[in-house]
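> One-letter residues, chain by chain:
2 protein chains.
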Amino acid sequence: MTASESPPTLLVLDADPLPRLGRLTGRARIEHADASTLAERLPSADVLLVWDFTSHAVRSAWPGEGPRPRWVHTASAGVDHLMCPELAEADTVVTNARGVFDQPIAEYVAALVLAMAKDLPRTWDLQRERTWRHRESQRVAGTRACVVGSGPIGRAIVATLKALGITTALVGRTPRTGVHGPEELDRLMARADWVIAAAPLTEQTSGMFDARRFGVMQPSARFVNVGRGQLVVEDALAEALAKRWIAGAALDVFEHEPLTPDSPLWQVPNLIVSPHMSGDTVGWRDELGAQFVELYESWEAGRPLTNVVDKKRGYVPGR
Amino acid sequence: MTASESPPTLLVLDADPLPRLGRLTGRARIEHADASTLAERLPSADVLLVWDFTSHAVRSAWPGEGPRPRWVHTASAGVDHLMCPELAEADTVVTNARGVFDQPIAEYVAALVLAMAKDLPRTWDLQRERTWRHRESQRVAGTRACVVGSGPIGRAIVATLKALGITTALVGRTPRTGVHGPEELDRLMARADWVIAAAPLTEQTSGMFDARRFGVMQPSARFVNVGRGQLVVEDALAEALAKRWIAGAALDVFEHEPLTPDSPLWQVPNLIVSPHMSGDTVGWRDELGAQFVELYESWEAGRPLTNVVDKKRGYVPGR
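Heads up: the sequence lines are chains A and B, in that order. In terms of our numbering, the first sequence is residues 1 to 319. In terms of our numbering, the second sequence is residues 1 to 319.
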């Protein structure tokens with residue numbers, strides 16, 4: 001870019017609070033859109049920042065032909081909410097927030113695993129009832145976890161669980177050193193004490209945790225989903241818990257978010273429900289903004305982008 | 001012991017369920033006592049096994065003079081419930097359950113620290129109210145813990161917190177490599193995000209966590225007690241929480257156990273109450289029984305006992 005050129009147009013699909021993009025002053029013409037204005041503004045944008053990572057507006061607004069952004073960045077790890085055939089086929093580069101959520105989500109999974117092993121939800125209930133009832137709890141060291149999803153989040157979960165003395169197996173789409181292929185999933189789930197879903201939502205993973213798969217788990221085992229709601233057949237999980245096929249579960253993500261007050265999931269026995277917050281530690285929005293600014297500076301300088309999503313697969317292919 | 005001698009008398013201060021002592025058949029004359037019969041039976045016992053580790057009966061029943069057991073073993077880490085001046089001055093050896101509870105308690109502390117960092121108690125409340133409310137939570141990696149009590153339990157807590165990326169400082173009665181002395185406690189508590197009490201109850205530690213000490217903590221910091229209830233001035237902690245001097249606390253042990261339904265502690269804001277269960281993982285009673293049988297075999301063979309309590313200090317001195 002020379003001084004005489006006008007700066008690129010950066011369109012932000014807004015969410016509250018806005019990203020801090022002050023460092024880009026004069027280097028980008030920053031425009032804003034919401035779901036209703038996105039389609040109209042997309043053709044004139046060079047870059048789209050999907051700051052509202054809960055929105056599915058990109059899918060419907062993406063232009064089938066004609067001018068369109070050369071680069072789309074989403075402030076999320078998953079890209080399922082924006083991918084559509086037209087975007088997949090365009091020469092537009094898609095990047096994601098790979099790296100920001102790994103450690104927070106790994107800690108969140110450890111918190112859930114330990115809370116279930118130590119029976120903390122029951123402890124809370126008993127405290128509310130002012131009842132002293134000693135119970136035996138479980139050691140996590142020496143138990144076995146099967147972590148599904150071999151991206152940075154899955155690998156961070158494995159590292160954290162290992163640090164607690166848990167034996168882990170990692171399952172991904174492509175078998176490689178340290179990663180089991182999908183054909184080994186049933187065998188690994190059958191012997192796991194903990195099954196952790198941290199996979200991207202793709203055609204291959206949608207609905208993968210169904211009645212049959214909960215059926216292969218041990219009655220003492222527990223299931224955790226911090227990936228995407230659609231990985232799980234929610235009715236099947238609710239039934240597996242009600243029938244005690246498995247001992248417990250925790251869902252941080254759901255097929256429809258936010259969960260409405262009339263959802264039966266709030267009251268499924270031995271199910272912990274949390275509002276899609278596993279990765280969101282204090283300062284997370286600033287980290288997401290800073291990550292985008294850094295990527296923008298690479299893009300502006302013509303350097304190769306990191307965190308580039310394989311649009312056919314629906315995630316950033318890794319090690 | 002030769003074949004012609006009668007086996008030693010092993011007196012068990014009973015609790016339900018009884019210890020599995022089958023391996024000692026023919027090698028000990030096993031007798032049982034409860035609080036009401038202990039004083040009468042103690043003089044004829046060679047060994048006392050304090051299986052009911054909640055009982056204070058040994059203190060009042062211990063004979064001031066005359067015949068008494070040569071060895072007392074308690075199925076607990078703490079010995080405060082049985083120590084008295086007469087036992088301290090006797091030539092009786094006292095041993096404890098050092099080692100059985102270390103890893104379980106360390107996991108329990110990690111569970112509480114992570115549950116508080118990830119706001120899980122509030123998540124439970126909101127689930128009960130069928131309310132979806134996203135919140136930001138805290139990373140534990142990079143935070144600071146001050147662990148008070150440098151025995152095997154305190155050291156296991158340090159190792160587990162370190163594995164989660166927490167920077168730790170260990171405080172004990174005797175400063176040595178890796179252990180700060182008591183004079184550094186205020187300074188370390190003032191900069192800690194987590195203060196973990198895991199000390200034995202002694203004259204030096206009784207009431208050590210009082211209003212002044214909660215006052216030096218950061219408003220964002222949290223306190224956990226898995227040692228003995230009397231380490232903490234409970235009223236002072238309740239006030240520190242009510243006034244938001246500190247952000248939260250978890251107590252697994254109390255001055256009076258069990259906590260009665262009318263205790264105000266059940267409802268102190270941001271206080272987690274659990275029924276003295278941090279070390280009690282499935283199989284713990286079997287482990288305690290097996291540990292005693294192993295010690296008995298050493299004692300019977302005239303080999304030196306491990307886990308010998310320094311009766312003046314009130315714990316097993318260690319590294």
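Incorrect hints may appear among the rest.
[To be verified] Using 20 Å as the maximum straight-line C-alpha spacing, the simulated SDA-like pairs for lysine to any residue come out as follows:
#: 1; chain 1: B; residue 1: LYS162; chain 2: A; residue 2: ALA159
#: 2; chain 1: A; residue 1: LYS162; chain 2: B; residue 2: ALA141
#: 3; chain 1: B; residue 1: LYS243; chain 2: B; residue 2: ALA190
#: 4; chain 1: A; residue 1: LYS162; chain 2: B; residue 2: GLY22
#: 5; chain 1: B; residue 1: LYS162; chain 2: A; residue 2: GLY142
#: 6; chain 1: B; residue 1: LYS162; chain 2: A; residue 2: ALA163
Keep in mind that the hints were calculated from the coordinates and are not lab data.
> Work down the list of hints and note, for each, if the structure agrees.
Now the hints, each set against the structure:
no.: 1; hint: LYS162(B) <-> ALA159(A); result: holds (13 Å)
no.: 2; hint: LYS162(A) <-> ALA141(B); result: holds (15 Å)
no.: 3; hint: LYS243(B) <-> ALA190(B); result: holds (17 Å)
no.: 4; hint: LYS162(A) <-> GLY22(B); result: violated (37 Å)
no.: 5; hint: LYS162(B) <-> GLY142(A); result: holds (18 Å)
no.: 6; hint: LYS162(B) <-> ALA163(A); result: holds (9 Å)
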